[in-house]
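Going line by line, the protein sequences match chains V and Y. Residue numbering for the first sequence follows the UniProt record's numbering, starting at 1 and increasing by one per position. Residue numbering for the second sequence follows the UniProt record's numbering, starting at 1 and increasing by one per position.
FYI, nobody ran anything at the bench for these hints, they're computed from the structure. Hints are supplied without guarantee of correctness; some may be wrong.
Claimed, not checked - Facing chain V, according to a computed beta carbon distance under 8 Å, are these residues of chain Y, among others: (1) LYS219; (2) ASN306; (3) SER383; (4) ARG449; (5) GLN670.
It should be emphasised that the depicted structure is a prediction, and the values quoted were computed from it without experimental measurement. Note that the Cβ used here is the ideal one computed from N, Cα and C, for glycine as well.
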Amino acid sequence: MLSGILLFNQKGENLIFRAFRPDCRPRLADIFRIQVISNAQVRSPILTLGSTTFSHVKHENIYIVAITKSNANAGIIFEFLFRFIALGKQYFGKFDEDAVKNNFVLIYELLDEILDFGYPQNTDVDVLKMYITPDNISSAIRSVSAPSSDTSKITMQATGAQSWRRGDIKYRKNEAFVDVIEDVNLLMSATGTVLRADVTGQIMMRAYLTGTPECKFGLNDQLVVGQVQQGIEGPMGNYDGGRKATRAAAGSVTLEDCQFHQCVQLGKFESDRTISFVPPDGEFELMRYRAVENVNLPFKVHAIVREVGTTKVEYSIAVKANYGSKLFATNVVVRIPTPLNTASITERTTQGKAKYEPENNCIVWKIARFVGGSEFVLSAEAQLTSMTNQKAWSRPPLNMTFSLLMFTSSGLLVRYLKIFEKTNYSSVKWVRYMTKAGSYEIRF
Amino acid sequence: MSSGHGDAKLFARVSSMCYVIILFLDSGTSTVFHLPGLNHLPLALTRELFGTTPYLKKWLLKRGGTILDQNHAHNRYPLVTADDCSKCFGLHAYIDEQGKVAELRQELTNPGKKDKNHAAKKNALKKIVANMTMSNNDMVALFPDIIACMQIPVLEIKKMCFLYLQHYARLKPDIALRALPVLQEDMQDSNPLIRALALRTLSYIHVREFVEGTIEPLKRLMVDQDPYVRKTAAFTVAKVYDHDKRLIEVSDLIDRLNRMLKDDNPTVVASALASLQDIWERNENIKLTIDYASASKIVSILPDCNEWSQTYVLEALTSYVPQDSGEALLLAERIASRLAHSNSAVVLTCIRVMMYLMNYISDQRKVEELSRKLSPPLITLLSKPPEIQYLALRNAILILQQRPEALQNDIRVFFCKYNDPIYVKVTKLELIFMLANKSNIAVVLNELREYATEIDVQFVRKAVRAIGKLAIKIESAARQCIDTLLELVNAKIPYIVQEATVVIKNIFRKYPNQYESIISTVIGQIDELDEPEAKAAIIWIIGEYADRIDNADALLQDYLSTFHEEPIEVQLALLTATVKLFLHRPTKGSSIVPGVLKWCTEETDDPDLRDRGFMYWRLLSTDPVTAKKVVMGPKPPITAESEKLDPVTLEELCLGIGTLATIYLKPVQQVFRAARPRRLQDSPALQRKKEDLNRALGSPGMNLAYPSLMNAVTTPGGTPVAGHQSAIEAADEYFKNLSLSDNSGGDILTSPTAGGVAGNAYVVSQSAPQQIYHPQAGVAGNGDLLL
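Sequences and hints are given; from them, build the entire structure.
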């Protein structure tokens, strides 16, 4: 597995060098600096030189590099690097060069704990914070003479079945917040056909619950996962389309696939589709899913872009909101690419404000509040300067960002969240839905 | 930051106690000031008030600053802006090495009476740890003082001392030895965290006495009452094995490690498995086999393991060789629920094990059922960060070749997003090419045409090449592909035209006498071509169709006028094309041929060119009719299937799904020399017949089916010239290969850094020659399907 973890800043200074095996030599830092940081043409996150492989991830203004000397499990490498970044964020708020420089000791201490001989160990922040704490927080564990009951609790936690949760959590008010956040991705061709429309969803949970609560989580009445089940309804033939519609209306959702936080009992989900778990304390991602069927696109975009000769481009962009009039989207931004040699833009909009951003080569049209059912139009004209070396304009796709509350593109609903705990306390549960634009692209 | 007076000022915050200011002078030298007791030096103030060097100098001296180093040539540090420098406190070590170390020693050894709870010591240690990487080993001077601190019974201080010890023990083994008793004592501590910490630290240190001193306490700690200590001990065995194989082999530690598999704590079991596998990987003589009962047992602990432990357990399952189809099926079904885990390492490793077990399952319906389960989780990984997407996509290529039924997805999930990083885009492009078929070709071509207008030149080229290769792969779609290509050619973007020319040549070869109507369009772009591969392709077209191109002789003449300046592949193409012209139209060719043959035989140093020249000369002068038969004869067919991996490599890579080798899609030992080979183990339940494999390996069509392999063996002068027909084939093949290797290799050779590396500049392991693997700029296009 990993031979070492290295951290660099953007200038290529080696901030952290932690070797886990004797084959991780200090000069490898120089090689990475030369080969990757000062090389403008890096085309892969993985570089193998001789017997050494450098796998790197960039986060904020630092490079996080894993060094391996064998044909290691790349899944572990990258998943670990991202986990390390997440830990950094949970510990320091922001994981960047300044955070590293202000916390050298803590980072070394963490690395020593979460990797042993280069093998990732327990990386759950909750348990780690029991015995690796920023120095301004005084902890009993920090002194060697801590009572043995305390330390064995830690070691049980770090090696136990529920490594993500401490047993002694107490809240006066027991609350759980569920956020269903969907990224809807769209790729539409110039002719208006949908090339790809899918949803990647996330169910985030913030649990502030006492003790060791067992949670049961229910989605739509009918939850179909994967394509396997569809084989059964195959013979229905033409009926299929109609059935789908009624199914959707009856509160069913078809998920292509889903993945769960490690606290969820996967065996149970596999057998009877119930999601049961003992949540970690605080915020975590309970579930991640993907849907490709019955995707409700919140916005329809109709774009007409005409190049008139070589000196002018005419735009007419119509955006229609495709959701109920009680809902409204916020922060709607449409980015409309313009040719590189654009000299000036004149634009008109029926709603919102449009501005030409020459540094990004696009017109940015912002609509703060977009009420369901309404349709707005932008028309614009770009004047081009003539260029000696006339190259065809690559016409990158138009893209949209927005966020829309109380709407899910996949149709997913949270039916219930039941919490069982031996003291039988009552708890308050909140659910919120939000649909955002993932990569919402329209070619023209 | 230039002040307008030509001086660049730099200053760095050293610690909370003092500033160091460096003035860079025009003369290329610098002056270094040390300014104690000044906590905040406002950036703006300095820039505004002290615009000139003398003024600043005066101010600094007045404030009690001392000049540490004058007229120091500053080529050791790049000239950076003041803003950069204010953040950079690595500089100080070089400036104030001695003073700094003395200061820290003072803080450590004599913290004063008021040092309650060792606060001053902690502070000093923190500074030392912070400086371990940033300073060039200056901190090593403090080793004895650190050893003295190790005795302090404060975990925080211990941890920092141990970190220091791990970092510097190899530099000063003699001083490090003094720490050994402390560690040994700590391994008996009542606190399990300390016991584990001491053991972990001790076993990291690559010094003989430490390694030997690990063995005895290790035996004790492997059966410690605390699982955290046992887990640490399990990994320690592999660690010691890495330091010194012999020590482990003469002891009974591996047996003891085996016994840990019966532990009732899942994390301990998983750690023992990981440790055993680590040892297995590094010794060919160790066998790791797991029987069904054990395999079944470790699967049952999966739900109680943390995510990493799950990965180790799953990895271990590939050491289980099913003896019975039913057992394999049962196990595969039992681990299938892991596919829904949010950790991609668990998912990919689970896919690996399921693919492995499928080899031992006889019921094909069940195999297909299992295969279908693999695709959705793999696609879900595409919503993870790009690095993980990339890994998932590379593995999708692999899975697609081994189990085509597993990826019956809509091809559109692989369409590129505009902001995908280039490595993701290129891999998606390969998958689109592989999944393209008659029914989706229209959508695919539309998509590829979009890609051909993107910015990244290499990506555009691959997209164009993919269109051409689709024409060869799907015969019924050839016309559509050609139309798309011509449309792109009309945009007159040079690199698109060049790429298109090359693929159109291949289309002509694949479908003779079908699409020659487009020759004129292609020839019309001749002026756009300046790359050797494209030139060679157009020259091949001119020669092949010399009878249909009226001005073929004039076109060739154009190129021949610069014959001597052309690269070898173009020269070879010119030679063959000239001979073809002569055979097609003797009147026009007769004036050109003798000159070209003379150049090729007498005025060249290249053995290939000379050999081919002689061969044509002999052929033409003895029997022109046979010559025509030989030169214009039917050509061996080309296919688009050449990118398939050979069965042996495929088998091995499938046993390593999710590993680094899958990024390169090359034989594992080619990239990771030290990797231990993995093969499917024979058993009564093994489904794939070995004969199939052998047949595929020994097939005579190998060279044609795997043109890229030829690259490795064909060296200049090594072209076989046994029979005439084969000579021409070989020549054609060779010249195809040459251009191939040049194109793909070019990226590596022209990039300034990589070129240096291949030589001698940055040698990682001196025992072996350097090889660079960069997935996209693949060396010979073996793993790079679209080259």
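So, going through the hints one by one against the coordinates:
1. Look at LYS219(Y): its Cβ only gets to about 18 Å from chain V, farther than 8 Å, so that hint breaks.
2. Interface hint at ASN306(Y): satisfied, since its Cβ lies 5 Å from the closest Cβ of chain V, which is below the 8 Å cut-off.
3. For SER383(Y), the interface hint holds, the least distance from its beta-carbon to any beta-carbon of chain V being 4 Å, beneath 8 Å.
4. At about 11 Å, the closest approach between the beta carbon of ARG449(Y) and any beta carbon in chain V exceeds 8 Å, and the interface hint on this residue is violated.
5. The criterion of a C-beta within 8 Å of any C-beta in chain V is not met by GLN670(Y), whose closest approach is roughly 11 Å, and the hint is violated.
Violated hints, in rising order: 1, 4, 5; the structure is consistent with all others.
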